[in-house]
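Asker: Sequence:
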Amino acid sequence: MLEFKDYKDRMLTLFTHHHQYYQKEEHKINDAKLYLDTHVKQKWLNFVSLYERHGGATPLTFDDMLSHLEMQINDPQNQHRLVSQKFQDAKQQEWQLICDFSKYLEDWEYYLPPYSEEQRMDNLHSKVLKVLHTELNHQNQEPQNYEELLQTLQTLEENMLEQQCAIHKERPAIFIENQCCSDKSSNHRNKRK
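Residue 182 in the numbering used here sits at position 184 of the sequence shown, and the numbers go up by one each step.
Treat the hints loosely; a few may be bogus.
Calculated lysine-lysine pairs in the DSS-like style (CA-CA distance at most 30 Å, straight line) [what the hints assert, rightly or not]: (1) Lys89 with Lys128; (2) Lys22 with Lys6; (3) Lys3 with Lys22; (4) Lys6 with Lys39; (5) Lys26 with Lys89; (6) Lys3 with Lys41; (7) Lys89 with Lys22; (8) Lys31 with Lys125; (9) Lys84 with Lys31; (10) Lys31 with Lys6; (11) Lys89 with Lys101; (12) Lys39 with Lys22; (13) Lys26 with Lys84; (14) Lys41 with Lys22; (15) Lys101 with Lys128; (16) Lys26 with Lys6; (17) Lys89 with Lys41; (18) Lys101 with Lys84; (19) Lys84 with Lys39; (20) Lys41 with Lys125; (21) Lys101 with Lys125; (22) Lys125 with Lys89; (23) Lys39 with Lys26; (24) Lys101 with Lys3; (25) Lys3 with Lys39; (26) Lys84 with Lys128; (27) Lys41 with Lys31; (28) Lys6 with Lys41.
Derived by calculation from the structure, the hints in this document are not laboratory data.
Using the sequences and the hints, build the whole thing.
Answerer: Set out below in structure tokens:
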């Protein structure tokens, strides 16, 4: 903890001495990364990647970086619980490609104890869209490893018109007489005559 306090004080002193340059949070974060060891730096970069990929609406600040680093130091058990919960709650969204969802799970797995191949397969199989899960269960041959499972799911996904409509529209699809519609309301219903 003393090392973290020293790091924080050094960074804040640097920012104060060069106030003009460090008015932008991006400059603070980029320079602060230089003083992190490679393992901690990689964890920060993974965190940033997850944040940006999964809905981070506002840019991260140096204070966000400090909070992340402090959480790493202060309470690794709490962090582990939070990451475990995020991983357990993860479910593929209707607009999300299976390869993107698989990568999302892999990003969370990085922070967890290693899973066996079979556990990873079970996790992916149980977290995909219900329609993919059902189709996979109807397959004659079970995939033998994670990559084969992922390839099978991708093939099933590509062959499903409903899934493709939802992905292209980036919103849930509505199915009417084997046709995919992207909106619940029809324009012709809303027009006045």
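Asker: Confirm or reject each hint.
Answerer: Structure-based check of all given hints:
A threshold of 30 Å between alpha carbons decides the hint, and for Lys89 with Lys128 the separation of about 10 Å falls inside it, so the pair holds. Note on Lys22 and Lys6: the hinted pairing holds, with a Cα-Cα distance of about 17 Å set against a maximum of 30 Å. The hinted pair formed by Lys3 and Lys22 meets the criterion: a straight-line CA distance of about 22 Å does not exceed 30 Å. A distance of roughly 15 Å separates the Cα atoms of Lys6 and Lys39; the hinted pair therefore holds under the 30 Å criterion.
This hinted pair does not check out: Lys26 and Lys89 have alpha carbons roughly 35 Å apart, beyond 30 Å. The hinted pair formed by Lys3 and Lys41 meets the criterion: a straight-line CA distance of about 19 Å does not exceed 30 Å. The hinted pair formed by Lys89 and Lys22 fails the criterion: a straight-line CA distance of about 36 Å is larger than 30 Å. Pair hint Lys31 plus Lys125 does not hold up; C-alpha atoms about 34 Å apart against a cutoff of 30 Å.
At most 30 Å may separate the alpha-carbon atoms for a hinted pair to count; Lys84 and Lys31 meet this at roughly 26 Å. With a C-alpha separation of about 12 Å, the suggested pairing of Lys31 with Lys6 holds against the 30 Å cut-off. For the hint pairing Lys89 with Lys101, the CA-to-CA distance comes to about 12 Å; that is within 30 Å, so the pair holds. In summary, the hint linking Lys39 to Lys22 is supported, as the alpha carbons are separated by about 20 Å, within the 30 Å threshold.
Straight-line distance between C-alpha atoms of Lys26 and Lys84 comes to about 29 Å, which keeps the hinted pair within the 30 Å bound. Restraint check: the Cα-Cα separation between Lys41 and Lys22 comes to about 22 Å, which is no more than 30 Å; the hinted pair holds. Between Lys101 and Lys128 the alpha-carbon distance is near 19 Å, which keeps this suggested pair within the 30 Å criterion. Taking the CA atoms of Lys26 and Lys6, the gap is near 12 Å; set against the 30 Å cutoff, the hint holds.
With a C-alpha separation of about 23 Å, the suggested pair Lys89 and Lys41 falls inside the 30 Å cut-off, and the hint holds. Of the pairs offered as hints, the one joining Lys101 and Lys84 holds, with about 14 Å between alpha carbons and a cut-off of 30 Å not exceeded. Proposed proximity of Lys84 and Lys39 is supported: the alpha carbons are some 22 Å apart, at most 30 Å. At most 30 Å may separate the alpha-carbon atoms for a hinted pair to count; Lys41 and Lys125 meet this at roughly 25 Å.
This hinted pair checks out: Lys101 and Lys125 have alpha carbons roughly 13 Å apart, not beyond 30 Å. Between Lys125 and Lys89, the direct Cα distance comes to roughly 5 Å. Compliance with the 30 Å bound is thereby established for this hinted pair. Between Lys39 and Lys26 the CA atoms are separated by roughly 14 Å; this keeps the pair inside 30 Å, and the hint holds. Straight-line distance between C-alpha atoms of Lys101 and Lys3 comes to about 34 Å, which puts the hinted pair past the 30 Å bound.
Of the supplied pair hints, the one linking Lys3 and Lys39 holds, its CA atoms being roughly 17 Å apart against a limit of 30 Å. A C-alpha spacing of about 19 Å is found between Lys84 and Lys128, which places the hinted pair at or below 30 Å, so the restraint holds. Restraint check for Lys41 and Lys31: satisfied, since their Cα atoms lie roughly 11 Å apart, inside the 30 Å limit. In summary, the hint linking Lys6 to Lys41 is supported, as the alpha carbons are separated by about 18 Å, within the 30 Å threshold.
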